[in-house]
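**Student:** Sequential numbering from 1 applies to the sequence shown in the UniProt record's numbering.
Bear in mind the hints are in silico, worked out from the structure with no lab data behind them.
Hints should not be assumed to be uniformly reliable.
Stated by the list, open to error - List of simulated lysine-lysine pairs, DSS-like, C-alpha gap at most 27 Å:
{"#": "1", "residue 1": "Lys500", "residue 2": "Lys542"}
{"#": "2", "residue 1": "Lys410", "residue 2": "Lys500"}
{"#": "3", "residue 1": "Lys51", "residue 2": "Lys80"}
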Amino acid sequence: MHKLERLLRPKSIAVFGGVQAAAVVAQSIKMGFAGEIWPVHPTKDEVAGRKAYRSVADLPGAPDAAFVGVNRHLTIEVIKALAERGAGGAVCFAAGFLETEAYDEDGERLQAELVAAAGQMPIIGPNCYGLINYADGALLWPDQHGGIRLDEGGKGVAIITQSSNIAINMTMQKRGLPIAFLMTAGNQAQTGLSEMALGLIEDERVTSLGLHIEAFDSVAGFERLAARARELKKPIIAMKVGRSEQARQATVSHTASLAGSDAASGAFLKRLGIARVDSIPAFIEALKLLHITGPLPGYRLSSMSCSGGEASVMADSAEGRWVNFPVLTDSHRAHVKSTLGPLVAVANPLDYHTFIWNNEPAMTATFTAMMSGGFDLNMLVLDFPRPDRCSVTDWWATLRAFESALKTNKAHGAIVSSLPENLPEEYTAELMARGMVPLFGISEAMDAAQAAAFIGWAWREPQAQPVDTRAAGASDVPRVTPDEAEAKARLIEAGLSVPKGERAGNAVEAVISSMALGFPVALKALGVTHKSEVGAVRLNLKDAESVSTAAHDLLPLGTGLYVERMVRDGVAELIVGFTRDPMFGAVMTLGTGGVLVELLRDSVTLMLPATRDDIEAALRGLKLFPLLEGYRGRPKADVQAAIDAIAGIAGFVQQNAGEIEELDINPLIVCTKGKGAWIADALLVLGENKNV
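Use the sequences and the hints to build the structure in full.
**Tutor:** Encoded structure:
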């Protein structure tokens, strides 16, 4: 039994506090909770019509769940008493704990005392609203909400948010999403988001899970959650906030959570097979699609509408996404054409025109023919008229035709409204019962389809290795930056591909070294971080005179000189960078390199360890990749050597995870096939008194 079992699915609830506590009692009664409700109040004889008790000791038994809605100091006392009584768990409503640390020095101490008081008893929060169990009618929730109880044997999604107000807003949705459980995480003082989620997905009435994440409680916890979700075939959608600096600051002030790097967070979610969306409407629609269809087998979509305008909007909405509307084959086009008049141009998205509107047999034939192409999701764009001013009678013929076509082809289908308000909530339950997912808004429908298709792809791939978090944690040690000569010496010692080079103290030594290495050479000023920006590098020097001239120019810029054999036959330049993320440890950025790296912003972030397949997939996702494959007749690059080099650099970082603060390889020059990939420049940052 999961440790949150009693709290999540209680048979008895104890409630502490004043106004909020009374609301909890009233809400549970209103929802038809069949178990015991025990209010606790020092003076009142009853609360919301239920007998009140004076203390934890006076309760008839150890409650499965408790809502503690008293001040922060009294909360600690109540939690201690509940733990000693053997309660199953508690929601801590009060604020004033770690989230107030910036202006209240007692906050951190009180949160530590709260966790100590709870002992082995699970607590949620503090600084949170709690949870709603719509499956059993059990509410540990101090406010109104917009949800309804599930029917007997019914199923729904589970949602966890780190914001109580966002949670309330989600219960007010009019999009037809059936919710089985809703939880808020608050400060996660003891029980983290991933542990709550593990408790929820074990419930057979939960079909999928939605997470609003401000910060991850535990890398290992999320890895366990993702693995269990895959086992149970219960997909997860996440809305991870923190893209902007303002959002990260708001996160810290809200729940004292560390948001970390957004790019690393995105890479982590992708590694886990958790789909990420960026808005609340997309979050709701993706959960709804997954509730009905589960993960989609692929990214191929079809669209049907009786308007060329709608078909165009649908086609444009797929631009820049993985989901797509594949071109129909000649035979498939002919099949669809045979069901329509000669004036209809058959394509995907399909504008079937109004010639067959309200002709159910004709629409059934067209829809059936269109869906025969084996698409992963078939969309019917259909906005309903206003029921207060218009008739919807003709629309049901279209829906019946779509339903029949779905059954014939054993296909997944969705009704997509171009405007969210044009799909009334009262129709959604029947549509879902007929196997048609009501999706509100075209952009949101595309987000939902892409999320479901991503999870389908991720679950077909082997499960990723656990993230190497040895370098995780805040690093406030002073930093030391060895010069390029020293950094490259260490890379060479690790067996990495670095061009031969030598340190030089003056122009004469530079000339001697260049002659020994063989022309052409590159000459660099040491001790300069971004050499190109200050002209601290000279390339392709072909004789002693040019080396001597360059040396005299560069010596005043740095602490010495570095002469290096020029890399020849370069096809493309990559950047391979590593930074220490406080949550995930060493994180790799792979992208288009060179002097335009910040301008082009063509990069992808990877967790470590990264397999060769991970690295190759990341390379193929870059805008640069066609250049590596021989764009427009150019020479093909040594892609396998590039993968070897990147994997080797990542291994070097992992082996020295405790010492390396940053490593920036820019560029890694990828040469023509058979000529390798070479580390042309390296910036290594170490913690002081740490040696690789």
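**Student:** Output the numbers, in ascending order, of every earlier hint that fails for this structure.
**Tutor:** Result: hint 2 breaks, nothing else.
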